[in-house]
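Asker: All chains, please: the whole structure from these sequences, using the hints.
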Amino acid sequence: MPYNLIFLGRTTNRSLDVVLRGNELRVVDPGKKTVIMRGLKTAKHLYRLDTCNDVRATPDVALTVQSARTWQDWHRSLGHMAMKSVKLLKLKEIVVGMNVKGRSADSTDCEACIKAKHDVGLLPDKSETVYNEIREMTFADHWGPTRTTSIKGEHYFAGFTNGYMRRTIVYFLKKTDDETCAVIDKYHVHIKN
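Mapping of the sequence shown onto the numbering used here: position 85 corresponds to residue 467, and the numbering continues sequentially without gaps.
Think of the hints as simulated: they come from the structure by calculation, not from any bench. Remember, predicted model here, so these are calculated numbers, not experimental data. The beta carbon of each residue, even a glycine, is placed where N, CA and C say it ideally should be. Certain hints may be false.
Beta-carbon label-pair distances, calculated as ranges [said to hold, decoys possible]: (1) Asp491 to Cys563: 35 to 43 angstroms; (2) Arg392 to Thr424: 30 to 38 angstroms; (3) Glu510 to Arg430: 46 to 54 angstroms; (4) Ser397 to Arg451: 33 to 41 angstroms; (5) Cys563 to Glu510: 28 to 36 angstroms; (6) Lys423 to Thr511: 37 to 45 angstroms.
Answerer: Okay, here's the thing in structure tokens:
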């Protein structure tokens with residue numbers, strides 16, 4: 383199967399039916415009355431899908447990359463996960479298609495991880511500030527550019543966390559200039575409503 387991630391919400395937005403029955407998931411085109419994809423639930427409560435017809439790539443479907451990557455590439459791709467955990471993912475075959483170049487996974491020469499472990503100063507364990515309204519405080523984070531382009535071409539993200547409810551909304555961006563201002567306005571409208 384060439385795909386490994388299916389967005390069910392977008393699938394239903396395209397007038398396809400998602401049917402869950404027992405341990406089986408089916409994606410059905412009701413107009414053509416055909417099953418497009420079918421999958422069985424794994425022990426990890428995920429569904430491994432197989433395409434039944436020639437399904438083409440769209441923004442709703444992410445393609446799998448089958449080429450082998452180094453241990454360091456996997457470490458970075460998995461959010462700088464501890465190398466011991468990366469090894470465990472490979473050993474227990476938790477990640478389908480985890481092809482690794484090289485034998486040694488002991489190298490911990492990750493500059494980002496080394497910098498992150500440096501202590502700059504003491505921070506309090508818990509903030510004493512209490513927010514009483516949704517619009518009282520918003521924490522914002524802007525990150526990028528990413529090394530990998532998303533399926534829709536985004537390289538950045540902006541996240542907004544409401545201080546009162548602790549809910550986070552993330553917006554993905556192709557560039558930082560006008561789009562950042564637009565998502566700030568979009569978030570401002572969102573919290574007003």
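Asker: Please go over all the hints and tell whether each is borne out by the structure.
Answerer: Structure-based check of each hint:
1. Asp491 to Cys563: 35 to 43 angstroms: Hint holds: Cβ distance 39 angstroms, inside 35 to 43 angstroms.
2. Arg392 to Thr424: 30 to 38 angstroms: violated (22 angstroms)
3. Glu510 to Arg430: 46 to 54 angstroms: holds (48 angstroms)
4. Ser397 to Arg451: 33 to 41 angstroms: holds (37 angstroms)
5. Cys563 to Glu510: 28 to 36 angstroms: Check passed, 33 angstroms falls within 28 to 36 angstroms.
6. Lys423 to Thr511: 37 to 45 angstroms: holds (44 angstroms)
Violated hint for the displayed structure: number 2, the only one.
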